[in-house]
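Chains as they are written, first to last, in my numbering: chain V, 1 to 112; chain H, 113 to 225.
Derived from the structure by calculation, the hints contain no laboratory data. Because the structure is a prediction, the values reported are computed rather than measured. Mixed in with the good hints, there may be bad ones.
[Stated by the list, open to error] Dumping the calculated DSSO-like pairs for lysine-lysine here, alpha-carbon to alpha-carbon at most 27 angstroms: (1) Lys57(V) <-> Lys183(H); (2) Lys96(V) <-> Lys180(H); (3) Lys183(H) <-> Lys9(V); (4) Lys168(H) <-> Lys9(V); (5) Lys96(V) <-> Lys224(H); (6) Lys57(V) <-> Lys154(H); (7) Lys96(V) <-> Lys183(H).
[As the list claims (entries may be wrong)] Here are some chain H residues the structure puts well away from chain V; computed CB gaps all over 12 angstroms: (8) Gly155; (9) Asp167; (10) Arg173; (11) Val174; (12) Ser206; (13) Gly218; (14) Thr219.
All residues carry an ideal CB built from backbone N, CA and C; glycine is no exception.
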Amino acid sequence: DSGVTQTPKHLITATGQRVTLRCSPRSGDLSVYWYQQSLDQGLQFLIQYYNGEERAKGNILERFSAQQFPDLHSELNLSSLELGDSALYFCASSDKPYNEQFFGPGTRLTVL
Amino acid sequence: GESVGLHLPTLSVQEGDNSIINCAYSNSASDYFIWYKQESGKGPQFIIDIRSNMDKRQGQRVTVLLNKTVKHLSLQIAATQPGDSAVYFCAERSPYNNNDMRFGAGTRLTVKP
């Protein structure tokens, strides 16, 4: 158990819908990262927050957004969902932006 | 652009043999590297790390080798077991990436009994 929690574990929705994925980092970690992993693909970095502020952006679509709240949990919002958005979404946390990341169990999103 | 990549997407080994998983990086300024293991249905898990001032680091049954001359990183797993079957990712930290970690594509290791 990495100490990072993600909810929900599974999510099934329809095209055009909007969903919110939630992540709670390890106790004491200030950095939160979001990754997308499609079937048999590597980890695609989406976005990073550090202590409530956006720090880095990767290959995140404009339909996606995220935020980190004062209690350091983070949410990833996916809107106007398309079939191709079906993937595993991982959250990771670290104490500092450039240190080892600890990954949550992921949320499996299925868009029908 | 700068990238972290893997030579082979899949690797199949016999149980008990040693496994070697390779990773090429193109960013010579990278100063820290990590190997992660991801089992099916789970998130990546830290295996071992190495800093750029080292050539070799050993853990329990795993060894990471860093060759800065050719910008190559490898993970050696001794006496590979069925439980080692997973996807293995290397990640690098580089000032070009704002000192953030960036992940390679991953290699799927399959251990045959």
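> Taking 12 angstroms as the cut and beta carbons as the points, is Gly218(H) off the interface with chain V?
Replying inline: Violated, because the least Cβ-Cβ distance between Gly218(H) and chain V comes to about 5 angstroms, which does not exceed 12 angstroms.
>> For a C-alpha distance cap of 27 angstroms, please report whether Lys183(H) and Lys9(V) respect it.
In response: Not satisfied, since the Cα-Cα distance of roughly 38 angstroms exceeds 27 angstroms.
>> Hinted pair, alpha-carbon criterion (27 angstroms max): Lys96(V), Lys183(H). Please report holds or violated.
In response: 25 angstroms, holds
>> Tell me if the straight-line CA distance from Lys96(V) to Lys180(H) falls inside 27 angstroms.
In response: Satisfied, since the Cα-Cα distance of roughly 25 angstroms is no more than 27 angstroms.
>> Checking a non-interface call: every C-beta of chain V should be farther than 12 angstroms from the C-beta of Gly155(H). Is that right?
In response: At roughly 3 angstroms from the nearest Cβ of chain V, Gly155(H) sits no farther out than 12 angstroms, so the non-interface label is violated.
>> Run the distance test for Lys168(H) versus Lys9(V): straight-line Cα separation, threshold 27 angstroms.
In response: 38 angstroms, violated
>> Just want to verify: Thr219(H) was marked as not at the interface with chain V; is every Cβ pair farther apart than 12 angstroms?
In response: The claim breaks: Thr219(H) does not keep its Cβ more than 12 angstroms from every Cβ of chain V (closest is about 10 angstroms).
> For Arg173(H), which was marked as not at the interface, is the minimum beta-carbon distance to chain V over 12 angstroms?
Replying inline: 20 angstroms, holds
> Do the alpha carbons of Lys57(V) and Lys183(H) lie within 27 angstroms of each other, as the hint requires?
Replying inline: Holds, at roughly 26 angstroms.
> Within 27 angstroms, alpha carbon to alpha carbon, are Lys57(V) and Lys154(H)?
Replying inline: It holds: about 24 angstroms lies between the C-alpha atoms, which stays within 27 angstroms.
> Would the least Cβ to Cβ distance between Val174(H) and chain V come out above 12 angstroms?
Replying inline: 15 angstroms, holds
>> Using Cβ atoms and 12 angstroms as the threshold, tell me whether Ser206(H) really stays out of contact range of chain V.
In response: The claim is violated: Ser206(H) sits with its nearest Cβ about 10 angstroms from chain V, within 12 angstroms.
Comparing the model with each numbered hint stated earlier shows that hints 3, 4, 5, 8, 12, 13, 14 do not hold.
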